[in-house]
Structure formats: C-alpha cells, structure tokens
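Engineer: Each chain is listed here by its residues.
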Amino acid sequence: KNEVEQSPQNLTAQEGEFITINCSYSVGISALHWLQQHPGGGIVSLFMLSSGKKKHGRLIATINIQEKHSSLHITASHPRDSAVYICAASTGNQFYFGTGTSLTVIP
Amino acid sequence: NAGVTQTPKFQVLKTGQSMTLQCAQDMNHNSMYWYRQDPGMGLRLIYYSASEGTTDKGEVPNGYNVSRLNKREFSLRLESAAPSQTSVYFCASSYRLALYEQYFGPGTRLTVT
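As you go down the protein sequences, you meet chains A and B in turn.
Take 1 as the starting number for the first sequence in the working numbering and just add one per residue.
Take 1 as the starting number for the second sequence in the working numbering and just add one per residue.
The shape of chain B in the complex, shown without the other chains (with noise of 0.2 Å):
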C-alpha cells in the first residue's frame, strides 16, 4: 500500500498562476484534509472532506478551491497563486473524522515569486 501520495513534490509558480495538487489514498478512508506549513505557524487546516461528496473550509481557505473527486482522490486548487501562498502543503486522510489517526503524505513545497 501506498498510503496517501501527492503530487508533485516540489512547484514554482509566478504571481497569477494557478495549479492543482493532486491527492490519493489507497487505505478506504473517508476523510480527507489539505493542511499548509509555515514556519512558526504549525499546520493549519484548509480545507477537509468528511466523506466522499462533502467538503468544508477549514482554518484558511482564502484563495484555495478543493474537489474531492472520488473516495481516494481529494485535489487542492491555487487559482490565483499568491506570494503569501508559498507553503508546504500537506494531505492527510483519516478512517473518520477526529477520533481516528491521520496518515499525512509527504508534502509539495510550493514557492510563489
């Protein structure tokens, strides 16, 4: 088993363009989450999905949409990339919401000049 990957590991974006970063798990989960990492920040939560068909805001979701495509495919979207949006992005998926573990991919550095 994979566990949960994203894609791509690394991506330079300029001011005004926009990307998507691609999530998946193979472990039957039904919640997923996009987390970014700043320093001296801790994670915050973007954005989740309870389950396949649902997704809500989180913390900060300014400037980012989601889609959660199926059950093992949760994708994040940058439409309009801004400097304050250079991160590390992380997903994550759990069997449930709160009282189950997350499993976390390995994160994308995304930088936004």
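Isolated chain A (complex conformation) (with noise of 0.2 Å):
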C-alpha cells in the first residue's frame, strides 16, 4: 500500500501551459513537501505546508487537509521545469514519498 499517491506519473507540456501535479496521502500528517529532482539526480525541496496555500515565483502549492489532496501549480511553465516533482509526507518521525511525476516541458 502506498501511504503517497500522485497522479500523473508522467506529463508533457508546451512551453507556457498551466501545468498541475496532484498528491494525496492516507497518513495523519504534520507537513507535506514538493521536491524537485532534476536530470542529474539532486534533489531540492520546494514546499513544505502544512494548510492553505504558499507561492515562490511560478510555483503555488496548495493543501486540503480535509481531503487530504495537495497539488503543485506551474503557471508560465518553462523547459527548464522539466524534471520529477516528488510529493512527500511527514508524520513526525516518517517521511513517505510518492514516486514521482516526470514533467516535460517542449519549446
């Protein structure tokens, strides 16, 4: 059982589409993170939240706690946003990560 679901796995996007990655998770949590994986294998965080919503340049993200759904906002999106954007939860002493979403993003 996956604690961490995303969906899609994989998306291709024209240059300066709106893009939306979709994370749900089964866990009682205490944050949820977006990292980002780039080609080369490191790994960045770009979120960490816990309610509501948190902006950084064309990036949003957004939490239901409810629902228990996060998604990640691309707006403007770039190919230099091609990467995997990784969902992860924490639950005070565990973090469970999702497997991915691989984003390409054409000229």
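Simulated from the structure, these hints should not be mistaken for lab results.
Since we're looking at a predicted model, the values are computed, not measured.
Among these hints, one or two may not hold up.
[Claimed, not checked] Where chain A lies over chain B, by a calculated footprint (3+ residues, C-beta under 8 Å):
(1) 20-30
(2) 42-52
(3) 60-70
[What the hints assert, rightly or not] Label-pair distances were calculated between CB atoms; the ranges are:
(4) A:I60 / B:T113: 38 to 46 Å
(5) A:R58 / B:D38: 29 to 37 Å
(6) A:L49 / B:R77: 21 to 29 Å
Glycine included, C-beta positions come from ideal geometry on N, C-alpha and C.
Grab the two chains, each in its own frame, and use the hints to assemble them into the complex.
Structural biologist: If you want it as structure tokens, here you go:
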C-alpha cells in the first residue's frame, strides 16, 4: 500500500502551459513537502506546507487537509521546469514519498 | 557553505563486501536522514537521527547500520552487501524533524554485483 499517491506519473506540456500535479495521502501528516529532482539526480525542496497555499515565483502549492490532497501548480511553464516532482508526507518522525511525476516541457 | 555532502559518488561492490557511505552537513542541523531511491519505488527512509546521539529505524532498515558521529556527520554502513541493495542513496538534513524542510546531498550510486 502506498501512503502517498501522485498523478499523473508522466506529463508533457508545451512551453507556457499551466501545469497541475496532484498528490493524495492516507496518513495523518505534520507537513506536506514538494521536492524537485533534476535529470542530474539532485533533489531540492520546493515547499513545505501544513495548511492553505504557498507561492514562490511561478510555483504554487496548495493543500486541503480535510480531503488529504495537495496540488503543485506551475504557471507559464518553461523547459527548465523539466524534472521529476515528488510529494512527501511527514508524520512526525517518518517520511512517506510518492513515486514522482516526470514533467517534460517542450519549447 | 557546502550544504550536504556525500562520499563516494559512485561505488561498485561484490556481494558480501562491506562499505560505509559518509554524509556531512554544515548547516548546524539537528536531524539527519538516509534514504534509498529505486526505480518506481520513490524515496524510502532507511534510518534517521533526530538529534546528535540518537538514531532510529525508518521504513527499510534491514541490512544497514548507521552512526551519528557528531552533529555534522551521519554515516551508513552496509556490513555484507547484497544485490538488493543496489540503489541510489541520499543523505538529507533538516533543522528538526518533520516541520522543517530537508536539504539533500547529491547522492551515491551503489551497484552490488
């Protein structure tokens, strides 16, 4: 059983499109994390949120605690956004990761 | 600041060999973590250290041991490597557990033949 499910698994978009990646979780969380993994393998943290909405540049993350669902939105997508986006739920002392959404943005 | 560093970057082992993966952070973080990443499985927590002097098992601890040498360093040891331990290993750190973002090292690609 997967505590964290992401959709879609793969996503191809044209440059400039609005992109949404979804994350559903089944555990009670302390926080929900969005990570980005570039083709070279490095992982960076994009957002950590426990309620509401956060925005950083063209990236927006939202969470609905009652529905146990989070979304990551990318506005005006660009080829440099091509990466794997990973959702993770932290439950105090455990982290559960989704398998990631592979995004390719075509010029 | 280097952030989180890991050594080595690549390693090939034969079944039964042992090795230690090293991790260090220079951000004065209290908590450190070891993950493995396998295709189609996502990241899985092997061990974590909430603070200096403590270590705890994660989701997949079997076949591994860890040492929190000091606040900066957290090592992962494979005593008798098995092909099932072929994976990419990431170390991460955070100020404290759970409610703080994690910073990841560049990863170690380990192949066990």
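Engineer: Would you mind marking each hint as holding or not holding in the structure?
Structural biologist: Evaluation of the provided hints:
Check result for the segment 20-30 of chain B against chain A: violated, 0 residues qualifying (beta carbon to beta carbon below 8 Å, three or more required). Counting residues of the segment 42-52 of chain B whose C-beta lies closer than 8 Å to any C-beta of chain A gives 6; at least three are required, and the coverage claim holds. Counting residues of the segment 60-70 of chain B whose CB lies closer than 8 Å to any CB of chain A gives 0, so the stated coverage by that chain is violated, three being the minimum. For the pair A:I60 and B:T113, the supplied restraint of 38 to 46 Å holds, since their beta-carbon distance comes to about 45 Å.
Remark: the range hint 29 to 37 Å for A:R58 to B:D38 is upheld by a beta-carbon distance near 31 Å. Restraint check, A:L49 to B:R77: a C-beta distance of roughly 35 Å breaks the suggested window 21 to 29 Å.
When held up to the earlier numbered hints, the structure conflicts with 1, 3, 6 and fits the remainder.
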